[in-house]
Amino acid sequence: MRHSPWVHGVAVLTLGLALFAAGLALGAARWVDALAGSLGGEVEMTVYLAEGQGQAQAEGLLAAVRASHPGVEARAVSPAEALQRLGAQLGDLGAALEGLPDNPLDWSVELRLPRPDRSPEALASLASELRALPSVSGVDYGEQAVARLEGLRRALRWGGLLLLLVVAGVTVVVVSATLQLAIYARREEIEIQKLVGATDGFVKAPFLIEGALQGLAGAGLAGVGLWGAERLGAPRAAELAAFLVGPAGLPPLASPWVLLQLALAGLLLGLAGSFVAVGRFLRV
Amino acid sequence: MIQMFHVEKAYPGDPPTLQDINLRVEKGEFVFLTGPSGAGKSTLLKLVFAAELPTGGQVLVGGHNVGRLRASGIPYLRRNVGVVFQDFKLLPHRTVAENVAFTLEVLGAPRREVEEKVERMLKRVGLLHKAGSFPPRLSGGEQQRVVIARALVNEPTILLADEPTGNLDPALTVDIMDLLRDVNIRGTTVLVVTHDHSLLERYRSRVLRLERGRLVYDGMGPP
Ligand SMILES: Nc1ncnc2c1ncn2[C@@H]1O[C@H](COP(=O)(O)OP(=O)(O)O)[C@@H](O)[C@H]1O
Ligand SMILES: [Mg+2]
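As given, the protein sequences belong to chains P and F, one line each in that order.
Counting from 1, one number per residue, gives the positions in the first sequence under my numbering.
Counting from 285, one number per residue, gives the positions in the second sequence under my numbering.
In short, the hints are calculated from the structure, not lab data.
Take the hints with a grain of salt, since some may be wrong.
As the list claims (entries may be wrong) - One side only, chain P facing chain F, incomplete, derived with CB under 10 Å: (1) L90; (2) D92; (3) A127; (4) E129; (5) E189; (6) I192; (7) Q193; (8) K194; (9) V196; (10) G197; (11) T199; (12) F202; (13) V203; (14) E230.
Ideal placement from N, C-alpha and C gives every residue a C-beta, glycine not left out.
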């Protein structure tokens, strides 16, 4: 490294940026996962019965859903209970409801589905099944939110994979290019080493170590960047997270586990880059 | 120690540099290799330490067939063959001591052993006081002695010296030759390339003469 500190600096910076981007993407993916997970916990389907349907129809629907979806949690909500809940939700305005001559609300059934049935497809198919029933006037389960989150997760997963490939490619190219320069700068020394009886391993080892160190240094830089991003962005992100995900909050951007993964990735990619350079430019 | 059977060396596109070379150098011998410039003397040395491979015939060093050596075996051959290169091959940005230490470092010798041996070797070639100097600041004779020190510090069984007195004045030539004779007396097989006829006269030894790639003389004293 003493031969070209500038080149090595740029290489480490590039690796740092690439791994930082990968770390951010990883963090975002885990965030969306957490969001989807917590939302998934609340996926509840409300089935509104048509006007004039009574308790008997509601109980019938309950029995039918329980039979076709074992493990479902379901209960019937009477118009009176629904009105009471609405009153509670409206707060001060709720008093106005007490003046109503008739309860305008109908019977409904609330379903909480077991995990395997919570996928967007399963939810959609159940909803359309229920909508087809003559006794049902509507089904509500926040399908757009679920579908959108699922889309976001998928996009992040593919984007993350793509980014990973790009980062891997950039790292290998940058490391092998800087090592090519290092090998060139030391070609005389290498020639003499070989002439006085150095083994292949002895000649190659310093370059492999150099590549590994570059990868680790890049990972270190990325780790510092992630830590900084977390420190700067955390207060705002935590607010948003508490609102969206609940008090458990945001998965950390720079947890020890993430940093370890980053270091490992940097090490492996650095080594891969130096193997490429040594294989191509160090004919021994 | 060194045997060649019908050795041929041809670089692609050129007529053969060496042709039908047969020779045998015994352990402990001191041999001059002479001949006009371009006769193939350096090439013959390169065959001995596997810097080049023969295109025909066989080269045996210490009983091993160099042409059949696997790539991983070449370093071990070279550790037994000290080479004084015609063009020195000293690293300009390393000190004299570091240049000499190179031979021991590639063996993975411990630091203390390296320091001791380098010091002893530099004392032997009379350059201890220049241990910290850089080669470009040394005279030609001093650089020559650094190269010899690097070739000998590992106590090789064979020493190949390619024109080690090529551009030295007579007094320095005697110094270097005395050093090489001394190495030989201690048991190392020595092969010295020279085109200096007076050396062949002064040091009555076995002489091999190459002309246009062929061995034309092999006997005691100058042809
Ligand atoms: N690497 C090489 N490629 C092609 N030709 C070479 C190479 N090395 C030496 N030669 C040729 O081989 C011949 C002998 O060279 P060399 O062994 O250096 O002669 P000497 O040491 O006797 O002066 C010369 O004609 C030279 O041009
Ligand atoms: Mg020559």
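For each hint, the structure was consulted:
1. L90: 83 Å, violated
2. D92: 85 Å, violated
3. A127: P/A127 check fails; min Cβ-Cβ to chain F is 70 Å, beyond 10 Å.
4. E129: Since the shortest Cβ distance to chain F is 71 Å, the answer is violated.
5. E189: 6 Å, holds
6. I192: 5 Å, holds
7. Q193: 6 Å, holds
8. K194: 8 Å, holds
9. V196: Holds - the Cβ of P/V196 comes within 10 Å of chain F, reaching about 4 Å at its closest.
10. G197: 4 Å, holds
11. T199: 5 Å, holds
12. F202: This interface hint holds because 6 Å falls under the 10 Å limit.
13. V203: This interface hint holds because 8 Å falls under the 10 Å limit.
14. E230: Status violated, d = 45 Å.
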